[in-house]
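A.B. asks: Take these sequences, add in the hints, and give me the full structure.
One letter stands for each residue in the lines below.
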Amino acid sequence: MSLGKTEVEYISRLAQIEVREEEVDGVAAKLSNILDLFTQMEAADTRGVEPMSHPLDAVQRFRADVVTEVDQHEKLQAIAPSVTQAHYLVPQVIE
Amino acid sequence: MHNLTIKQMNEKLHSGEITSVQLTQHYLDRISQYDGDLNAFVTVTPELAISMAEAADQKIAAGDAELLTGIPIAHKDIFCTDGVKTSCGSKMLDNFIAPYDAHVVTLLNKIGMPILGKTNMDEFAMGSSSESSYYGPTKNPWDHKAVPGGSSGGSAAVIAAGLAPLATGTDTGGSVRQPASFCGITGIKPTYGAVSRFGIIAYASSFDQAGPLTRSAEDSAWMLNAMAGFDERDSTSLEREKTDYTAELGQSLKGLRIGVPAEYFGEGLDPEVEAAIRTAITEVGNLGGEVVEVHLPNKDLAVPAYYVLAPAEASANLSRYDGVRFGYRCDQPQDLEDLYKRSRSEGFGEEVKRRIMVGAYALSAGYYDAYYVKAQQLRRMVRDDFTKAFESCDVIMGPVAPTSAFNIGEKSDDQVSMYLNDLYTIPVNLAGLPALSVPAGFANNRPVGLHIVGPYFSEAKLLNIGHQFQQITDWHKQMPAQYQ
Numbered sequence: 001m002s003l004g005k006t007e008v009e010y011i012s013r014l015a016q017i018e019v020r021e022e023e024v025d026g027v028a029a030k031l032s033n034i035l036d037l038f039t040q041m042e043a044a045d046t047r048g049v050e051p052m053s054h055p056l057d058a059v060q061r062f063r064a065d066v067v068t069e070v071d072q073h074e075k076l077q078a079i080a081p082s083v084t085q086a087h088y089l090v091p092q093v094i095e
Numbered sequence: 096m097h098n099l100t101i102k103q104m105n106e107k108l109h110s111g112e113i114t115s116v117q118l119t120q121h122y123l124d125r126i127s128q129y130d131g132d133l134n135a136f137v138t139v140t141p142e143l144a145i146s147m148a149e150a151a152d153q154k155i156a157a158g159d160a161e162l163l164t165g166i167p168i169a170h171k172d173i174f175c176t177d178g179v180k181t182s183c184g185s186k187m188l189d190n191f192i193a194p195y196d197a198h199v200v201t202l203l204n205k206i207g208m209p210i211l212g213k214t215n216m217d218e219f220a221m222g223s224s225s226e227s228s229y230y231g232p233t234k235n236p237w238d239h240k241a242v243p244g245g246s247s248g249g250s251a252a253v254i255a256a257g258l259a260p261l262a263t264g265t266d267t268g269g270s271v272r273q274p275a276s277f278c279g280i281t282g283i284k285p286t287y288g289a290v291s292r293f294g295i296i297a298y299a300s301s302f303d304q305a306g307p308l309t310r311s312a313e314d315s316a317w318m319l320n321a322m323a324g325f326d327e328r329d330s331t332s333l334e335r336e337k338t339d340y341t342a343e344l345g346q347s348l349k350g351l352r353i354g355v356p357a358e359y360f361g362e363g364l365d366p367e368v369e370a371a372i373r374t375a376i377t378e379v380g381n382l383g384g385e386v387v388e389v390h391l392p393n394k395d396l397a398v399p400a401y402y403v404l405a406p407a408e409a410s411a412n413l414s415r416y417d418g419v420r421f422g423y424r425c426d427q428p429q430d431l432e433d434l435y436k437r438s439r440s441e442g443f444g445e446e447v448k449r450r451i452m453v454g455a456y457a458l459s460a461g462y463y464d465a466y467y468v469k470a471q472q473l474r475r476m477v478r479d480d481f482t483k484a485f486e487s488c489d490v491i492m493g494p495v496a497p498t499s500a501f502n503i504g505e506k507s508d509d510q511v512s513m514y515l516n517d518l519y520t521i522p523v524n525l526a527g528l529p530a531l532s533v534p535a536g537f538a539n540n541r542p543v544g545l546h547i548v549g550p551y552f553s554e555a556k557l558l559n560i561g562h563q564f565q566q567i568t569d570w571h572k573q574m575p576a577q578y579q
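Chains as they are written, first to last, in our numbering: chain A, 1 to 95; chain B, 96 to 579.
Calculated from the structure, these hints are not laboratory results. Incorrect hints may have been included.
[Claimed, not checked] With a cut-off of at most 27 Å between alpha-carbon atoms, the simulated DSSO-like pairs for lysine-lysine come out as follows:
| no. | chain 1 | residue 1 | chain 2 | residue 2 |
| --- | --- | --- | --- | --- |
| 1 | B | K102 | B | K337 |
| 2 | B | K506 | B | K186 |
| 3 | B | K154 | B | K337 |
| 4 | A | K75 | B | K506 |
| 5 | B | K240 | B | K483 |
| 6 | B | K240 | B | K107 |
| 7 | B | K154 | B | K186 |
| 8 | B | K186 | A | K75 |
| 9 | A | K75 | B | K205 |
[As the list claims (entries may be wrong)] Under 10 Å between C-beta atoms, here's a sample of chain B residues computed to sit facing chain A:
| no. | residue |
| --- | --- |
| 10 | R125 |
| 11 | I155 |
| 12 | G324 |
| 13 | R328 |
| 14 | S330 |
| 15 | D395 |
| 16 | S410 |
| 17 | V419 |
| 18 | D430 |
| 19 | L434 |
| 20 | K436 |
| 21 | V453 |
| 22 | V468 |
| 23 | Y514 |
| 24 | F537 |
These figures come from a predicted structure and were not determined experimentally. We put the beta carbon where it would ideally sit given N, CA and C, even for glycine.
C.D. replies: Structural data, given as structure tokens:
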């Protein structure tokens, strides 16, 4: 399976990873190699096999809906790139 | 001092022959002497280590000690350590000082195990060679031209070189067992859910499982006792009674049925690896076991299925790295999308970006059924193969990897060839089974590990088999000449 420029641009948007113009061919080739590996799965007859998402077929545990976290925003925000008044700062979104 | 077993260290600590401070300083000295070249540590924490060792000595003096109290440890840099940089081998987290401890770290800190530092690894645990680290490749102590395996390559290398007596690792597709094999040490991946994932930086959550890297199977059993157990902060942690993983050490192997899958000895297996593994299986058999042939017919489907599922999970797990709350942020973002995209493109390395993109694609509209659902179906088929095999055997033995350690740079341009190197370890992660790697000789002058896979919750049995094997062999006691 061979990916083209359009598909690489689509994947780049899905993954929120920038692929520069000069990188497109290389990325397409490497991703195509990996997708070729996936085509080996086609040969397997999986009719009637239930998809498995947990090795022991366990389900997610529930807990009581009570507060378990203490407020430690100062500690957690100390490692943030940009913070003001306990809010994370990002480039302006709305004009 | 670095040739002692954990039990011997414990005895010396308790008899007063050595203190934890002396033991810890011994390892710190070895790290300064050797790690410049080996590059097995991302961060060394001498002050923290000594202060923890002093506290451990007080615990021992007060009679409040456990078996591992005072014994230093190195943590893979994927385990969050409060106040200590936790990079996961990535530029993305080069500035990340973890604000809390992983559950495993909390447990081991409570026992009083001084932290020597954080070990190098493939970026975000995605790799089989430790070459994809932002901090450069770790070398294999047995041969500096060779990789130590991955992704827990730093942890494996520090054990092999005697720079720490114990180290933590994680195994998503073989990342404890394959580096253990390549570095001639012992490593176990427990049953999925046995060790808490809380505070371990996530790669593929339905596979990720932490385990010990040690010199001997006995040491691994003691360390697993300290690491494992239910944790309510991990939603897939298994609610089971506390297991004593040392309970079976010393039991006879009489009557053990050793399953050997015909499919594991086919094309691509290095003849010297095969010879070492066949000899090791015969030796275990001579301890009273019986070798039976078993079949794992879907083994070849495991690698493609894994490389759909693990990247799919990774694409979701790694979406949190957006340059907003922590980690790398690009300079002068023009707008929000530019902030996301450039922070991620500049902060992640090539292999991580590749897996995120593959995962996003596999989950995208139009491909979800063909890739993701199909891979989940294959996952069940691979698991069912093991279930069926365990009807006629107690454990399965074979190679951990088709070759001994390859050279640094040898596979770094060919991802698919690197992926296929994990063909023996990946099926075990798909099924969530426990598996052990123990040193079993050399191929092309580099170590080879024997892979012992068991049914769910059979860790104590696997560790005893490894222990019995280590009573009649000395592969695990051998050290590379320059590090003795």
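A.B. asks: Could you run down the list of hints and mark each one as holding or not?
C.D. replies: Hints versus structure:
Taking the CA atoms of B:K102 and B:K337, the gap is about 21 Å. The hint holds against a cut of 27 Å. Using a Cα cut-off of 27 Å, the hinted pair B:K506 and B:K186 holds, with the two alpha carbons roughly 22 Å apart. Restraint check: the Cα-Cα separation between B:K154 and B:K337 comes to about 24 Å, which is no more than 27 Å; the hinted pair holds. Our distance criterion of 27 Å between C-alpha atoms is broken by A:K75 and B:K506, whose separation comes to about 41 Å.
Between B:K240 and B:K483 the alpha-carbon distance is near 41 Å, which puts this suggested pair outside the 27 Å criterion. The hinted pair formed by B:K240 and B:K107 fails the criterion: a straight-line CA distance of about 37 Å is larger than 27 Å. Under the criterion of a C-alpha separation no larger than 27 Å, the hint pairing B:K154 with B:K186 is inconsistent with the structure, at around 38 Å. Between B:K186 and A:K75 the CA atoms are separated by roughly 22 Å; this keeps the pair inside 27 Å, and the hint holds.
Using a Cα cut-off of 27 Å, the hinted pair A:K75 and B:K205 holds, with the two alpha carbons roughly 22 Å apart. Restraint check, B:R125 versus chain A: the minimum CB separation of about 32 Å is more than 10 Å; hint violated. Annotation: B:I155 was flagged as interfacial toward chain A, and the flag is violated, the nearest CB pair being 32 Å apart, outside 10 Å. Hint on B:G324 is violated. Least Cβ distance to chain A is approximately 15 Å, over the 10 Å limit.
The criterion of a C-beta within 10 Å of any C-beta in chain A is met by B:R328, whose closest approach is roughly 9 Å, and the hint holds. Nearest Cβ of chain A to the Cβ of B:S330: about 5 Å, under the 10 Å cut. The hint holds. Proximity of B:D395 to chain A holds as hinted, the smallest CB-CB distance being about 7 Å (cut-off 10 Å). At about 6 Å, the closest approach between the beta carbon of B:S410 and any beta carbon in chain A falls short of 10 Å, and the interface hint on this residue holds.
For B:V419, the interface hint holds, since its Cβ comes within 10 Å of a Cβ in chain A; the closest pair sits about 5 Å apart. Because the closest C-beta pair between B:D430 and chain A is about 5 Å apart, less than 10 Å, the hint holds. Given hint, B:L434 at the interface with chain A, holds; its Cβ is 6 Å from that chain's nearest Cβ, closer than 10 Å. Checking B:K436 against chain A by beta carbon gives a least distance of about 4 Å; that is within 10 Å, so the hint holds.
For B:V453, the suggested interface contact is upheld, since its CB lies about 5 Å from the closest CB of chain A, less than 10 Å. Residue-level restraint check for B:V468 holds (minimum Cβ-Cβ distance to chain A is 5 Å; threshold 10 Å). Because the smallest distance between the Cβ of B:Y514 and any Cβ of chain A comes to about 7 Å, under 10 Å, the interface hint for this residue holds. With a least beta-carbon distance of about 31 Å to chain A, the hint placing B:F537 at the interface is violated under the 10 Å criterion.
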